[in-house]
Amino acid sequence: MPGASSIPVLDFGGLLLVSIQGELPDDAAVSLQEDITDAVVRTGSRGVIIDISSLDMVDSFLARVLAEIAASSRLLAARTVLVGMRPAVAITLVELGLSLPGMDTARTITDAAADFGVTIADTVQEERNTT
Amino acid sequence: MSQTSAEPIRLPIRKDTDLTAVRQHVRALAQRVGFGLVQQTKLVTAASELARNTLLHGGGGMAQISLVHGERGQGLSVSFVDSGPGIPDVGLALSDGYSTAGGLGMGLSGSRRLVHDFDLKSDPEGGTEVTITCWNDSLRRGFR
Numbered sequence: 001m002p003g004a005s006s007i008p009v010l011d012f013g014g015l016l017l018v019s020i021q022g023e024l025p026d027d028a029a030v031s032l033q034e035d036i037t038d039a040v041v042r043t044g045s046r047g048v049i050i051d052i053s054s055l056d057m058v059d060s061f062l063a064r065v066l067a068e069i070a071a072s073s074r075l076l077a078a079r080t081v082l083v084g085m086r087p088a089v090a091i092t093l094v095e096l097g098l099s100l101p102g103m104d105t106a107r108t109i110t111d112a113a114a115d116f117g118v119t120i121a122d123t124v125q126e127e128r129n130t131t
Numbered sequence: 001m002s003q004t005s006a007e008p009i010r011l012p013i014r015k016d017t018d019l020t021a022v023r024q025h026v027r028a029l030a031q032r033v034g035f036g037l038v039q040q041t042k043l044v045t046a047a048s049e050l051a052r053n054t055l056l057h058g059g060g061g062m063a064q065i066s067l068v069h070g071e072r073g074q075g076l077s078v079s080f081v082d083s084g085p086g087i088p089d090v091g092l093a094l095s096d097g098y099s100t101a102g103g104l105g106m107g108l109s110g111s112r113r114l115v116h117d118f119d120l121k122s123d124p125e126g127g128t129e130v131t132i133t134c135w136n137d138s139l140r141r142g143f144r
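Top to bottom, those sequences are chains A and B.
Numbering of the first sequence is given in my numbering, commencing with residue 1 and proceeding in unit increments.
Numbering of the second sequence is given in my numbering, commencing with residue 1 and proceeding in unit increments.
The following block holds chain B by itself, in its conformation from the complex:
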């Protein structure tokens, strides 16, 4: 499994301008880890989608950005935690076009396609945690 290195960055998600801060921090760290431009953009976009979910569906929460080391080398992991109502049907929520907030329904399902690892834990009683990770192994594995 992956190991966390250095201090993770914790950011509140309470209002829509907080999404900007999440995007900027993820971008800066993705550059530091040495991700290519496309991979940076994919991770920042996925983080933006999930941060908005935390705000709109979770009623706010926090993001935690961590540098990680694993079998696939160095990576960047971003977790989104809220104590909102939770997701009753995770399978349905992850399907393309499913939306409860009047959006395009591509946020959750689409962001999963943008990253290497996607982990979603939701308690039907309340609370959701989504963690996404990208690994800097693009050259070896031919990932764009």
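Only chain A is shown next, with the shape it has when bound in the complex:
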């Protein structure tokens, strides 16, 4: 259910999934932190998976918001995993001096879910097996 940030925080039975789409104004980024921490407490989730694969830029403001989401979620006993960062964004962040220490990352949502012991079936693989 979208909160103040209008970004859906989806509850997948113990895991929260947040996919940030397109441009994210500063106030929405700050609201997202509240939405996620509220959802962590409400659902008792152990993990937060944040998909940023559609973001073509992460500046120091957004990097700080992401780091603060991870830090506040950790205090609420949930671990945050950042998924899908584009290579150009990673290069730029490191050159900017922000390597986001303390943030866990994964290549895909499937990998991130596996970190929490949740298996997401690979549909492509299954189709291959059945044909």
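Misleading hints may appear alongside valid ones.
[Said to hold, decoys possible] Listed below are the simulated DMTMM-like cross-link pairs for lysine to aspartate or glutamate, each with C-alpha atoms no more than 20 Å apart in a straight line:
#: 1; chain 1: B; residue 1: Lys15; chain 2: B; residue 2: Glu129
#: 2; chain 1: B; residue 1: Lys15; chain 2: A; residue 2: Asp27
#: 3; chain 1: B; residue 1: Lys15; chain 2: A; residue 2: Glu23
No wet-lab data here; the hints were simulated from the structure.
Chain A is already provided as a structure; the job is to place chain B on it using the hints.
The following block gives chain B in isolation, referenced to the frame of chain A:
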């Protein structure tokens, strides 16, 4: 020195949604100039940092995006102008980790690393102008 070509784009920076417009215009022009994906991302990120500085420290101002030609070929230049309080100590403001707005202190120092040319003029009496330029000479000079 560089020469300006075509009409520069002027954008107001008055509220945080204006930063989105700055990023989108810089991205579109960087693509038009033919920058690679990494260079586009670096320039857009630097522009985003500086536009936010204009808003938070300068009390708002404007951005001007210009296509430029110089010895290094075609480039893209973005200037940020405000009439805020100015920067008392530019050297200190450009050091990593220095922040007056409670940020990470990487915006100004970090954005300088992301571009080829970085020019900062600040009047201690008030007003700051920062101009960043990236050149499309990546292949010849081996710049990513």
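Right, here's what the structure says about each hint:
1. Our distance criterion of 20 Å between C-alpha atoms is met by lysine 15 (chain B) and glutamate 129 (chain B), whose separation comes to about 18 Å.
2. About 10 Å separates the Cα atoms of lysine 15 (chain B) and aspartate 27 (chain A), which keeps this hinted pair within 20 Å; it holds.
3. Proximity of lysine 15 (chain B) to glutamate 23 (chain A) is assessed by CA-CA distance (about 15 Å); at most 20 Å being required, the pair is judged to hold.
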